[in-house]
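A.B. asks: Residues per chain are reported as follows:
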Amino acid sequence: MRTADVLRFARDAAAGYPLRTSLSVLAMAIGVAAVVVLTSLGDGARRYVVEQFSSLGSNLVIVLPGRSATGGFSPANAMTSTPRDLTVDDAFALTRLPSVRRVAPLTAGNSEINANGRLREVVVAGTASTYLDIRSFKMAQGHFLPEADWSRGAPVAVIGAKIQEEIFAGRPAVGELIRLGDRRLRIVGVLKATGQGVGGLNTDEIVFVPVGVAQSLFNTNSLFRVLIEARSRGEIEAVKREVTAMLKARHGEEDITVITQDAVLATFDKLLRALTAAVAGIAAISLAVAGILVMNVMLVAVTQRTAEIGLLKALGARGATIRDAFLAEAAMISLVGALTGYGLGLFGAFVLRQMYPVFPAYPPDWAVVAALVTALGTGLLFGIMPARRAARLDPVQALMKH
Amino acid sequence: MSVIQLAGIERVFHLGDSTVHALTHLDVGIEAGEYVAIMGPSGSGKSTLLNLLGLLDRPDAGSYHLEGRDVTTLSPDEQAAVRSRRIGFVFQSFHLVPRLTAAENIALPMMLAGIPAAERAQRVMQALKDFGLDQRADHRPDQLSGGQRQRVAIARATIMQPAVLLADEPTGNLDRATGDEVIHLLEVLNQRGMTLIIVTHDPKIGTRARRQLMMEDGELRHDSAAAPLRSADDNPPSPLSGKGGDGVSPAAPAPDTPSAAT
Ligand SMILES: Nc1ncnc2c1ncn2[C@@H]1O[C@H](COP(=O)(O)OP(=O)(O)OP(=O)(O)O)[C@@H](O)[C@H]1O
Ligand SMILES: [Mg+2]
Chain A
4 MRTADVLRFA
14 RDAAAGYPLR
24 TSLSVLAMAI
34 GVAAVVVLTS
44 LGDGARRYVV
54 EQFSSLGSNL
64 VIVLPGRSAT
74 GGFSPANAMT
84 STPRDLTVDD
94 AFALTRLPSV
104 RRVAPLTAGN
114 SEINANGRLR
124 EVVVAGTAST
134 YLDIRSFKMA
144 QGHFLPEADW
154 SRGAPVAVIG
164 AKIQEEIFAG
174 RPAVGELIRL
184 GDRRLRIVGV
194 LKATGQGVGG
204 LNTDEIVFVP
214 VGVAQSLFNT
224 NSLFRVLIEA
234 RSRGEIEAVK
244 REVTAMLKAR
254 HGEEDITVIT
264 QDAVLATFDK
274 LLRALTAAVA
284 GIAAISLAVA
294 GILVMNVMLV
304 AVTQRTAEIG
314 LLKALGARGA
324 TIRDAFLAEA
334 AMISLVGALT
344 GYGLGLFGAF
354 VLRQMYPVFP
364 AYPPDWAVVA
374 ALVTALGTGL
384 LFGIMPARRA
394 ARLDPVQALM
404 KH
Chain B
648 MSVIQLAGIE
658 RVFHLGDSTV
668 HALTHLDVGI
678 EAGEYVAIMG
688 PSGSGKSTLL
698 NLLGLLDRPD
708 AGSYHLEGRD
718 VTTLSPDEQA
728 AVRSRRIGFV
738 FQSFHLVPRL
748 TAAENIALPM
758 MLAGIPAAER
768 AQRVMQALKD
778 FGLDQRADHR
788 PDQLSGGQRQ
798 RVAIARATIM
808 QPAVLLADEP
818 TGNLDRATGD
828 EVIHLLEVLN
838 QRGMTLIIVT
848 HDPKIGTRAR
858 RQLMMEDGEL
868 RHDSAAAPLR
878 SADDNPPSPL
888 SGKGGDGVSP
898 AAPAPDTPSA
908 AT
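One line per chain: the protein sequences are A and B, in this order. For the first sequence, this note's numbering gives the first residue as 4, with consecutive numbering after it. For the second sequence, this note's numbering gives the first residue as 648, with consecutive numbering after it.
Hints are computed from structural coordinates only; laboratory data are not their basis. Any given hint might turn out to be false.
[To be verified] Partial selection, computed: residues in chain A whose CB lies under 8 angstroms from chain B:
no., residue
1, D8
2, G19
3, A310
4, A320
5, R321
6, G322
7, P398
[Unchecked claim] Heads up, simulated SDA-like pairs for lysine to any residue below, C-alpha to C-alpha not over 20 angstroms straight-line:
no., chain 1, residue 1, chain 2, residue 2
8, A, K404, B, S740
9, A, K404, B, G690
10, A, K404, B, A764
Computed from a predicted structure; not experimentally measured. Beta carbons are placed, not taken as given, at the ideal position from N, Cα and C, and that holds for glycine.
If we strip away everything but chain A, and leave its shape as in the complex, we get (with noise of 0.2 angstroms):
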């Protein structure tokens, strides 16, 4: 029997029995739509924890005070024992350094910010000039920090894109006066809203000031964070190395932690790859269970068409044609549900993204290809049996059934 002729007689075989081919084309179909969905999920949330990680800016080294024990990141890490404080003056000492090719240092806390009559609490970073370039920040209006020496620090202050639609409502807002606790500062750019944040922070929420405003305003001489900028990708082990012997040699221990955005992305992404791979798993239950149905289903029609294979053997059939049919028609049943299946799960995953639009819920190719190939594995899989059986099937006995 030709190939085509055998995959028509399985199509129609399959097609002469609606309600038992659709239920089971309905449950290959429900397994491959977990899949795709369920990975959809998890791979969405590993993306978009690493866009988030990304807008950091590239090439950026983070120092944070306090000696982490593994190197690794670990919100822990930024909370043990009680280092000594990283300085401004630390951190002006290590644009010294070769590979490094922009420093800015950082200090944060909460302020309320007083102006054109309305009042609001907002986050206050103190930093520098330097580091509307290492984060690859826009301005919207205005330019960022001026140039200046980092200890003493003007009455400037930039905001991001959210204030200056609430407090000002739209309007251009360079040059207008705003009292920050008792300072007042004048507003000399906007930042571009980029809407996006790390910790529930938003950058657009932001009133960016000089680090010496910051500090005398929080009454502190310590820094949050010194974020660095590597002359280049390959350099950042390199400024990794020269910070920690820099920050050793000047506090004569090694309390300070370094991290790359590269570890702490690595460790995320590993992270939610696993969890991914986990709920794809969970999910590939369901479509074990799919074959199994399968193979019952297949082994129904079997059963019931005892005659009809009895009949065909009658008229010339080999038992490998017989077999091939019944396979042909198990993976018919599997493809067209995993194909299905597909379509479900993408337009479940289009519905995750149009309720969740900062939410990437893209399925992995992986994860789709597993899905198919499981979904048309296990068809053929269990179908084996049910074919085997009725390749085997005494005609005379079979003849006799009706």
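Got chain A sorted already, so can you dock chain B with the ligands onto it with the hints?
C.D. replies: Only chain B with the ligands this time, still in chain A's reference frame:
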């Protein structure tokens, strides 16, 4: 030349402790083109014999030569090939595939044999015409009368131009008139040279055959021809008249049947 030669055939069924000798000491030869009726009481082994002749079953002892070739020793796949090319079956309950149309049912043996679709279509069209089914090509079995169904079944059994046509009570599910029509059809096929073996309970049909084999308890009790006949030109049955009510074409089976049958 004997198209069928059975020697010392035994077929024993074991049912728990008891054994049933469905066929014993069977020696029969059937010449090409013969018209044979197998008769006998129920349980005498007629169907068992027919299944054996059709290679659906294997004897426990003895030899079976089909067209001079020992077919009992063939592998299952080789036997399937013989069934495909040299043997046609007609069953009491038609055994049409319910989801396939008349045309598709007729094409089934050719499809199984791997004949290209274009050739299949052409041969099916010819067969539909020969068997008066041209109006029924796209009907499924449940849309056909009993007689039409059996004609589809006969068209299917002969589409591969087999040497031997085996019919197990082909009129058993039909009324008298329709049954006669079917018998006519089979007889015309036999006239064209196809060896025809019919199992029947109906003595009227049995006596129409040139040769009767009477079975009893698995044994051949009586053979109307002590010596096998050269059948074809002795006493040909009258040609099919075509007066049957539902459009049986007078120009019956495939014109190229004889060449393939002998
Ligand atoms: N598969 C089987 N297992 C056990 N016994 C069987 C089997 N097939 C046939 N027999 C027995 O073999 C004997 C012959 O059966 P067979 O079907 O050939 O009879 P038959 O002449 O065709 O009868 P009928 O006219 O009723 O169709 C019977 O006794 C039957 O019970
Ligand atoms: Mg019988």
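A.B. asks: Under the constraints set out in the numbered hints, which ones does this structure not fulfil?
C.D. replies: Violated: hint 10 alone.
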